[in-house]
Every structure is written in C-alpha cells, then in structure tokens.
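Enquirer: Chain G is fixed; fit chain S onto it per the hints.
Protein chains: 2
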Amino acid sequence: MAIRIGLLGGTGVEGRGIALRFAHAGASVAIGSRSVERAREAAAAYNQALGSGAIEGLSNSEVLGRSDIVFLTLPYDQAPAALDALRADMPSGLVLVDVTVPMAFREGRAEYEEPAEGSNAERLALHLPPGVHLVGAFKTIPAHVMAEVQTPLDCDVYVCGDDAGARARVMDAARLIPTLRPVDAGPLRAARTLERMTVLAVNLNRRYKRKGARYRIQGIE
Amino acid sequence: MAIRIGLLGGTGVEGRGIALRFAHAGASVAIGSRSVERAREAAAAYNQALGSGAIEGLSNSEVLGRSDIVFLTLPYDQAPAALDALRADMPSGLVLVDVTVPMAFREGRAEYEEPAEGSNAERLALHLPPGVHLVGAFKTIPAHVMAEVQTPLDCDVYVCGDDAGARARVMDAARLIPTLRPVDAGPLRAARTLERMTVLAVNLNRRYKRKGARYRIQGIE
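Chains as they are written, first to last, in our numbering: chain G, 1 to 221; chain S, 1001 to 1221.
What you were told as hints is all true, and nothing was included just to trick you.
Which stretches of chain S does chain G cover? Using the computed rule of at least three CB atoms under 8 Å from a CB of chain G, they are:
no.: 1; region: 1174–1185
no.: 2; region: 1195–1205
no.: 3; region: 1211–1219
Simulated crosslink set (SDA-like; lysine to any residue; CA at most 25 Å straight-line):
no.: 4; chain 1: G; residue 1: 209; chain 2: S; residue 2: 1218
no.: 5; chain 1: S; residue 1: 1211; chain 2: S; residue 2: 1179
no.: 6; chain 1: S; residue 1: 1211; chain 2: G; residue 2: 179
no.: 7; chain 1: G; residue 1: 211; chain 2: S; residue 2: 1182
no.: 8; chain 1: S; residue 1: 1211; chain 2: S; residue 2: 1012
no.: 9; chain 1: G; residue 1: 211; chain 2: S; residue 2: 1154
no.: 10; chain 1: G; residue 1: 211; chain 2: S; residue 2: 1181
no.: 11; chain 1: S; residue 1: 1209; chain 2: S; residue 2: 1179
no.: 12; chain 1: S; residue 1: 1211; chain 2: G; residue 2: 154
no.: 13; chain 1: S; residue 1: 1209; chain 2: G; residue 2: 187
no.: 14; chain 1: G; residue 1: 211; chain 2: S; residue 2: 1168
no.: 15; chain 1: S; residue 1: 1211; chain 2: S; residue 2: 1114
no.: 16; chain 1: S; residue 1: 1211; chain 2: S; residue 2: 1024
no.: 17; chain 1: G; residue 1: 211; chain 2: G; residue 2: 182
no.: 18; chain 1: S; residue 1: 1209; chain 2: G; residue 2: 172
Note that these hints are calculated values from the structure, not bench results.
Cβ atoms here follow ideal geometry from the backbone N, Cα and C, with glycine treated the same way.
Just chain G, with the same shape it has in the complex:
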C-alpha cells in the first residue's frame, strides 16, 4: 500500500511543493486546512497540475487520523496554537515533520529569528502529546523548487529528530522522491543548524540572483 502523506495547512506555497512531489512519486496525499472547502480546492488544483487524482482535501483532524507522516506547513505564528487545538486528534506513534524556518527581512537581508527554545523544531515539539514524534526535515529545500516536479532536486534533505525510528520513517518517505538524498542529521537540536542554513541559502539566492540554492554534502557517499 502506498505511503499516506498528510499536510496540516497544506494550502500554502510550502505545502504545495511537498504535496506535488510526494503525489508525483506515487504516495497517497491528503491536504488539510481549517476549512475543508479550501483544502478541497487546493487538492483539486494540485491534482490538475499533476494530471492525477492522488491528492485529496480533508479537515486537519481527518488528515491526522489517516496519515503515516504529517508535514506541518502552517504559518510560523499560528503553528503552536494549531497544534494545541489538534492535540486530541494525534494518534500515538504519529510522525509530524516541521519544515519551516523563522526569518525576518532587514535591510534587504534575511535574518534568522532564533526561538527561545533554540530552533523552531524544538519550539513545536513542546506542543505535542507524548508518543507523537517531531522530526525536522525539508527545511533547506526551496519551496518553489519542490513545486517544480520536473526539476531534478540533486540535493540533500537533512532529517533530524530525537526518535531514531521517526527519523528513519521520514528518510524512507523522502527516498521515494527521485534525485533527493536523505541525510540523517541526528537529534532535533540539529535544527538550529538546518534553520540557519536555510537563511544562508535565501541570502545567497539574493546575492547571486538565483532562486534555487540548496545543499548537497560531498564525501559521505
């Protein structure tokens, strides 16, 4: 059976790329939103872009109930309250994946907005019930490159989290996407590095007038 990928808040630009890449790779994908209507509209648009019917639109709580792995693509400031509200809908053993990076733009440069917890991933982990695992991943890959499913990624996806089994599940899922290499980045606090790497890549895009700066590590083949 195909892996079931879910997205909470999957109607934005980050959700779009993840939904398209996983659906294109053969996964069953469910987009969640607070409004089921908006989720269905986004799913219909994504299916049309792919020429497939692999993506469905559901409520956020339905997504939590039917997915193996759920990506959090909620706006940064809304994510903690959304997780608190959905806490009762999270089955034990669920793997949630935080893909977001807190940054602000000042004087034409992106700056990392360091959370008091050390990273956004560590911040969100405090809002999950016991037995639900937070993994940080896909942070360093530009959303619009993810959304161009015909563009080879040719980069790494760094996966961090304190539960080794949850990390392994996300790495297995990432392996479905061609030209993407999952790399085990260790415990959740590695997100402190990964989130800053994203900010650096955003600034390199600006400096080099590109849009797709993304990392690949040499020497661990």
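Expert: Just chain S now, kept in the frame of chain G:
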C-alpha cells in the same frame, strides 16, 4: 607576483592543509609560530611533502609584515591573547582569516560551543586594531582533506566578513585552489551558520563512518 599567504600558528593540522594547498597552487606561503625554529621545521616538512621550496618558516610577527592574507590557525583558547600580543605588528589593511570552530565532544557527538559574541569569528574580530579586517572562511572544509593536495575538493568555501573588499580578496585567493568554489556568504555574523555547519559535518562523518563531509550548494551556478 605570487600572492603571499601567511599562517599564524601554522604548525598544526589546520595550518598544514592550508599551507599545502596554497603552495601547491603557486602561492608564496609563510608559516608562523611563536618559535621560529618550530615554524622552520614545519615549513621544511611541508616543502618535502610537496617537493617544492615555496613555504618558509618565520616568526608570527614577521608573517604579519610580509603577507597579503594571514590565516589564523591558532588553538581556540590561545587565539585572543595571541592576537592581542601581535596587535602592533598588524599593518593597516591586513586581512586575517579565521578558519576555526569551537566545538566539544559529549556522548560521542560534537556540540557547538557558542561564544557569547555569536561565533568564533565575531569573537576574534574584537581583538583586532582598526583597519585590520577579519574574514571567516574555510571553516566547513575538513583539515585532513585540505592536506591531501591530490584529492579534488569539489566543494564550496564560504567566505564571510563585514568588509566587502576583504571578502573579495579571500575569494580571489581561494580561486587559486582547483576544484574549490568560493561563495560570498555576506557579513561576519554568517559565521554563526558556518561554524554550526562544520559541527554537523563532523557528526555526519561519525554517523556515516567517513572523514570528508563537506558542502556544495546547488542552484547558484
């Protein structure tokens, strides 16, 4: 005339790789040490490894007086006092390059030792006289890979610093080394990211049982 590369504290493993790569690329290289005798011994050994005479051993203050760019490869805890002692020997316009990363090993993992100033590069910058520029670079490239001059690097060297001219000079110097791509990482505080990236690479080496993890960014060609 060949670019004149200097190293303060160039008798250690990090200095060795930088000296060998630049000498191999045709630069004139001066190794500094508190002991001129030790500097000369190291230079002789490096010259023998290369089959050349491009590397000479001098005192640290002599290195500062005759080099276009000086790499700091001093032990982390000794560097601030060494810079304070050498302050009067630094000509205005000098470019100093910090290549080091503060880390400690706990439970088999490398951890970043965050300096109060935000990064080691920012910490050292406070010990320089006006008109001397600190650049952070070569932080993410493993020292032993640098020292294997026949091994293609196939990676980026990220260069950060608050003086754009000093960054450009270090990038120009780095271009002498084949298979290495200089990338302009912006202001000195980008070292907060680069130093953490080094720690991540060290941990990936341990996890993947490799020694040469190093970064290359896709999508900014």
